[in-house]
Structure formats: structure tokens, C-alpha cells
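Undergrad: These are the residues of each chain, in order.
There are 2 protein chains.
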Amino acid sequence: MINANFDKLGKNYLFSEVARRVAAYKAENPGADVISLGIGDVTQPLAAPVVAAMTEASAGMGRAETFRGYSPDNGYPFLRAAIGGYYRGRGIDIGDDEIVVSDGAKSDCANILDIFERGITALIPDPVYPVYLDTNVMAGNSVRLVAGTDENGFTPHPPKERADIVYICSPNNPTGAVFSRALLSEWVGWANENGAVILFDAAYEAFVSDPSLPRSIFEIDGARTCAIELCSLSKTAGFTGVRCGYTVIPRELERDGASLLKLWQRRQATKFNGVGYVVQRAAEAVFSPEGLAATRAVIDIYRGNARVLASALDALALSYTGGKDSPYLWLKTPGGMPSWDFFDRLLHEANLVGTPGAGFGTAGEGRFRLTAFGSPERTLEAADRLKNFRL
Amino acid sequence: MINANFDKLGKNYLFSEVARRVAAYKAENPGADVISLGIGDVTQPLAAPVVAAMTEASAGMGRAETFRGYSPDNGYPFLRAAIGGYYRGRGIDIGDDEIVVSDGAKSDCANILDIFERGITALIPDPVYPVYLDTNVMAGNSVRLVAGTDENGFTPHPPKERADIVYICSPNNPTGAVFSRALLSEWVGWANENGAVILFDAAYEAFVSDPSLPRSIFEIDGARTCAIELCSLSKTAGFTGVRCGYTVIPRELERDGASLLKLWQRRQATKFNGVGYVVQRAAEAVFSPEGLAATRAVIDIYRGNARVLASALDALALSYTGGKDSPYLWLKTPGGMPSWDFFDRLLHEANLVGTPGAGFGTAGEGRFRLTAFGSPERTLEAADRLKNFRL
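Just so you know, the sequences run in chain order A and B.
Residues 1 to 391 in the numbering used here are what the first sequence lists, from first letter to last.
Residues 1 to 391 in the numbering used here are what the second sequence lists, from first letter to last.
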């Protein structure tokens, strides 16, 4: 009677194995000053306008006049308007009614599978954010991997075969690679020809500074008939511990004669009870002029960290993707060293912690991920250690 | 490629049809003072200790020293300890490690189906909280209804046949009926004999004042090998607009050789990213001595409303379940009048809004739900109108 697909899940030991090795090293070397460049979590506090909105809304929940109960199913109109305005301000014509507010992109990219039948074919890039793979395995779907390589710069082209859904994360986790406009157009063309649906994970869009690079799939002609965009305030505004995201589904996106927007709204109305009022007010503040300025200042700190780490890799003459327009750096281990071996050497010889590429899929072997989410001081120190690291 | 089970869902028009009829009446009668006893949402503001905790945690998110990112997968230890203490304080031996924090009982009672295979048989009481039915329809499960009747007081006995899962909501939504200890023991015996899993929805447990009535399935011997408890702070502490709940799965609960606790933890770690820090601090405050006292004072307000409505029904000599140990009153319409007809008469002749029983399932026809979640003043006024209502 239980879901036997759970047995097919990998052991998901990546971050726990990292933690285990770090703890063992620290136990043997109590004086060691270990710096982590491994976590995907943010470290900078929330921006002041966001905190002000959240604090005010919290206090208001204690007064009858300003208390709020259940949220409207798809999010408060004030927040949907703020998110819609964020798109329209970039020249992307998204209606507020095409936006569904949620507790984060991870939930959405997992739960969106509910609107599709079981056994569909999912095309998943390798290396990959594990949620895409694991949720499809749990659902009993048929998974086809498309490998990131040096040749395609970890931004693969569409295959010849069809699939029902495809995940594109750009800027990518873990590779930091950003899909170009031309390449996304290829994918949109492929999806429209094949009746596939692109699940576009835009969680890291705010890190893109190069204006020639797309930040939303809806910048691409034809996307409105084949794409769903999932986004989050986690990395945009440091909301990993606040929990708010949103999914955009164009009105005209249909499959088997059904509106995917209406299916998703029905799924959410049935299986979810909305995002807290205080959180929605905090999220609204992110999109105010002051909020955007303040959160961009925080992102600039992480961008600075990425530059610092990138120059350390340059000094070592290690090749990598990311580090620009992305908080991740995805490097090639020296001499193709297995990624767990490189992890151990970096930990033992430089007291630095990163994430072995093998943990993100087969195509990740011989690669290593560093993140720019640390503090500037520690990242500078980490870069110095990297530069002095004897390959 | 889409999930065709969505086509089998009912139109879910209950509350929208209620809203439509109320709006039409108000448009024709602009001066009418309509009182709603129909909503399931709370109206009293959050208790002061909860607001204080939430406001302090919100402010702390703006400082580097107190900022928090991702929550631990199953919730912060401080909150799991507070919830565990809430059980242990009532003599129920639940370990903190058996508690998984979530954004609410609705999400949990929908998402828990992920750990079971598709096509299982779900036993669902009728009338019913629509989420049980709709989520099983979406999953393509086989649904068997067990009818609440006058004879069983809307607390049905187990059937002869087996099922894989059964939903028990006590105190019940919509009937207000509370399952006795003896009856829950029957269900636990049935579940253990048949290898079934009881999904016990304890969302309204805080309304029980009669000490002979169980508030948790884990007060019943044998429940640890057959039951999962889903609970929420929505009605306990007015968290409908805050979003926090929890699920309790005993360590020893296994099916097909697998631990359901481990399956649920894996499901949540893969498809959910935890509850916001500010919300978890607010929830922790609910379980402090001051928080419990303050939230109980709010529940006493709603209990008072329920008594007021119950005496109005007594005065009318209408029979009903609930109204004691529950925020809901489930009345028999006069002369078995169809529930939508009764709705219209109450709206037009007394300017009162309730919820037609037919909206909760076939067994709800000829019944009507009133809720005690309004303000005391308006509830008193509503009771006066009820007493003067010419049946």
C-alpha cells in the first residue's frame, strides 16, 4: 500500500556526507578555522524595508481591525500586483491573474507534477538540482537525462526525441551557467513542436546583470504556449527562512484541451491554504522601489563574493562556469580528480568546504561547486587560501 | 499528458455559490444587515504573547546575528519540543522526533497521500471536509463513503470491509460531533486488524472541554501502530492567516515493512522547504504558559458563541450535533427542508448566512452548518434573529 517509488530514490546523502566529513575533520583538528563555500543558503539579513513591512504586519495581527485570516487562494491582490509589476517593469507582459503565490519554488516545482498524469516523460538536465529528479522518481515518471558537458557549456540543446516536460534552471544550480536567448528560443521551438511543457526555474534570475541574457522564459517569443515559470524570493531577497515564491502560467497554455493555469489553481486551492499575511506583506515590500534597491544591494554583495572566488580560480588556471550572473561557480577539478577526492584535499589542506559535483548527478563527476553566499570577509579569506592551494 | 482525475472533481461551488447568493441578495437589498455564520475562518486577533514573539522574530531577521535561513527539515527543535511538551503535558507520550512541522493541516492531509501508492482504498466519512475527498479523487484512489446519520450521531462505526486509509476528524467539520473514546477504540482495533492507517484530523481538539472526550488519537491504546495525527494552529490559536501545523507519526507505525515517519520525512525534505522562522517562533509562543492561557481565552470566546447559538436552536426545538466541544453546529432543517431552500429562507427572512449541508456530501442533505467563529456581539444578534425566525 505504500508508494514503492520511494525505494528508487537515491540515498540523498550529499549534504549529510559533506557534514559528516567536516565534523570528523573538526573533531581531529579542533583548532582548524574551516570556511564553508558549500551551502546554498543566504547569510545576509533581510533588507530594512522588508523587515519594516514584516514587523508592522506582525503587530497588526494582534489588533482586530488589522487581523487577517485565510489568504485568497492565489495570493493577496496587492502581492500579485507587485509581482506582475516586477515583470511588466522589465517589459514582460504578465497579468496578475497568471500569478499564483506559494511558499517557495521548491514546493511549486515538486507539486506542479500533480497536474500531469503519472508515467509522463520528464527531460532533466544533468547535473541537476536534486528536486527535479527525486520528485519525478517519486511520481513514477520516466526520466531522461540530458548531459551538461564542456562542449555545451552546461547549457544543453534540445534533443531529437520528444518529452512531456523539461526542466530548465537558468542561471543554473549547480553549474552557474546561464542559457542564452538563442538557446532558450531553440527550447521554446522544440517544446511548441512537441507539445512539451518547459518548467523554467528562475530562482536565480536576480543575479543576471548582463542585459543580453534572459531572466525570464517569457522574454522568449512563443513561450506563452509552452512554458511555466517558477520563481522564489529565497535568493532574490534572502527569503530562505521566510518562504515565499510564485509560479506564472500563461492563460493560453493548454494541454489535452485543459488550461494548465486552471489546473494549477485547482491543485493549490485543494491541497494548499495559501501563504501567511505577514509573509505576503514582506514579499510585497521586496518589489517596492526601496525594497528593490535594498535587495539589489544585498545581491551586489554576493556578486562581489562571486568575483572574488572567480579571480582565485583564474589565478589557479582552473576552468569553470558561472561566477558571473550567478551565485555559483562550477569548476573542473585539477587533472579530472574525482570530486570527493578534491573535496577531501580542499578540506584537509586549505580548510575549505565546497560541494562535490558527483552529488548533482553523473555529469557532475570531476566538477566542484562553490557558492558566493558567504560573508565578504570570509569569502576573501577563502579566496586567499584557494590562491595558495597547491594543486 | 494531464491528470485526467481533475475532471472527476466536483465543481466545488459550495462557498462560491453561497457568496453569489449573498451578493445577489445584498444588491437587491442594499440596506440589509447580513450576518455570516457561514465562514470557517477565525475573527479574533492573535494573542499578545504570539504577536510579541512574531514581531521580535521579524525584527531579528534584519540583523546578521539573529537572521535565519532555511529551517531544519522537520521544524526547529524549539518548536518540536514545544509541541511534544503540549502532548506530554496531557499525558500522551509523543517524542519530539515523531513530530513534523508544516504550513498547516490542509497541506499535510493532502500531501500525506504521496507516501501511499495510487489506487488504494480510502474510507471517508460523509458529510466531509472536502479536502479528504478531492485529494483522493485527484490521486485516482478508490473512495468508499461511510455515512453519518441520526442513528450514529454523525460518528460512524467501522465497516465490515477493510480499507487502506480512513479519515477521522474529531471534533468533526462540518457536524461538530466528537468521537467517544470507546468509538475511537473500535476504529483503532479495526485498523490494526486490517492493516489500515487512520488519518486523524485533530484541527479542532482545543475546543473539547469535556475531559471524558479524547483530543488526540494517541490517547487510545493501540493507536501507535495504526494512526497518524494531523493538527493545525489555525483554530487552536487563530493561525489561519499565519500558516503552521504539524503531523505526528509514531516510530513504530510501519506498512509494507517501511516506516511511515521516514517516508513522510523524506517526502517533506524533497517537496517542501519548511516553515518560516518567524512563524515557528510565533507557534512556539502558543505553547508557552502565557500563550496557552491567552489562546484558551480566545477559544472561550468562540465557545461562548457556540453556546449562544445552541440555545437559539434549543429555543426553536431544532435538533443538532456539535455546539459543545466544537465550533460547529450541525442542525436538522425544519421538516427535512432541502438545505439550499433553508439557506435562502434564512438569508431572505432573517438576513443570516450559514452553509447548506448538501455542500458537504450526500449525507449532508437536510442539514445546515453554523459556525461560532464570529464576534460575540454579532453572534448574539444572530441568535436573537434565529429565535424569532418563523420556521
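Just to be clear, a hint being listed does not mean it is correct.
Note that the list lumps identical chains together, so a pair holds whenever it fits in one copy or between two copies.
[Claimed, not checked] Straight-line distance between alpha carbons at most 25 Å, and here's what the computed DSS-like set of lysine-lysine pairs gives:
1. K11 x K262
2. K8 x K332
3. K8 x K262
4. K26 x K160
5. K11 x K324
6. K332 x K160
7. K324 x K262
8. K160 x K11
9. K387 x K160
10. K11 x K271
11. K8 x K26
12. K271 x K26
13. K387 x K324
14. K26 x K262
15. K262 x K160
16. K8 x K324
17. K8 x K387
18. K332 x K387
Calculated directly from the structure, the hints in this document are not laboratory data.
Undergrad: Pop the pair K8 and K332 into one bin, within, between, both or neither, using alpha-carbon distances up to 25 Å.
TA: neither (29 Å within a copy, 51 Å between copies)
Undergrad: As a check of your reading, is K324 near K262 (CA-CA no more than 25 Å) within one copy, between copies, both or neither?
TA: Classified as neither: same-chain Cα gap 37 Å, cross-chain 39 Å, threshold 25 Å.
Undergrad: When no copy is specified for K8 and K262, does a C-alpha distance of 25 Å or less occur within a copy, between copies, both, or neither?
TA: Close across copies (15 Å), not inside one copy (32 Å); limit 25 Å.
Undergrad: Could you place K11 and K271 in one of the four classes (within, between, both, neither) given a Cα distance threshold of 25 Å?
TA: between (28 Å within a copy, 15 Å between copies)
Undergrad: Checking K262 and K160: alpha-carbon separation at most 25 Å within a copy, between copies, both or neither?
TA: Answer is neither: 31 Å inside a copy and 40 Å across each miss the 25 Å cutoff.
Undergrad: 25 Å Cα cut-off: does K387 pair with K324 within a copy, between copies, both or neither?
TA: within (19 Å within a copy, 71 Å between copies)
Undergrad: Reference check for the pair K26 and K160, CA-CA at most 25 Å: within, between, both, or neither?
TA: neither (49 Å within a copy, 59 Å between copies)
Undergrad: I want to check one pair: K11 and K324. Are their C-alpha atoms no more than 25 Å apart within a copy, between two copies, both, or neither?
TA: neither (32 Å within a copy, 49 Å between copies)
Undergrad: For K332 and K387, with the copy left unspecified, which applies at a CA distance of at most 25 Å: within, between, both, or neither?
TA: within (15 Å within a copy, 79 Å between copies)
Undergrad: Give the relationship of K8 and K324 under a CA distance limit of 25 Å: within one copy only, between copies only, both, or neither.
TA: Classified as neither: same-chain Cα gap 36 Å, cross-chain 48 Å, threshold 25 Å.
Undergrad: Indicate which option fits the pair K26, K262 if close means a Cα-Cα distance not exceeding 25 Å: within, between, both or neither.
TA: Neither: 52 Å inside a chain and 29 Å across chains, both beyond 25 Å.
Undergrad: Have a look at K332 and K160 and pick one of within, between, both or neither, based on CA distance no larger than 25 Å.
TA: neither (28 Å within a copy, 64 Å between copies)
Violated hints, in rising order: 2, 4, 5, 6, 7, 8, 9, 11, 12, 14, 15, 16, 17; the structure is consistent with all others.
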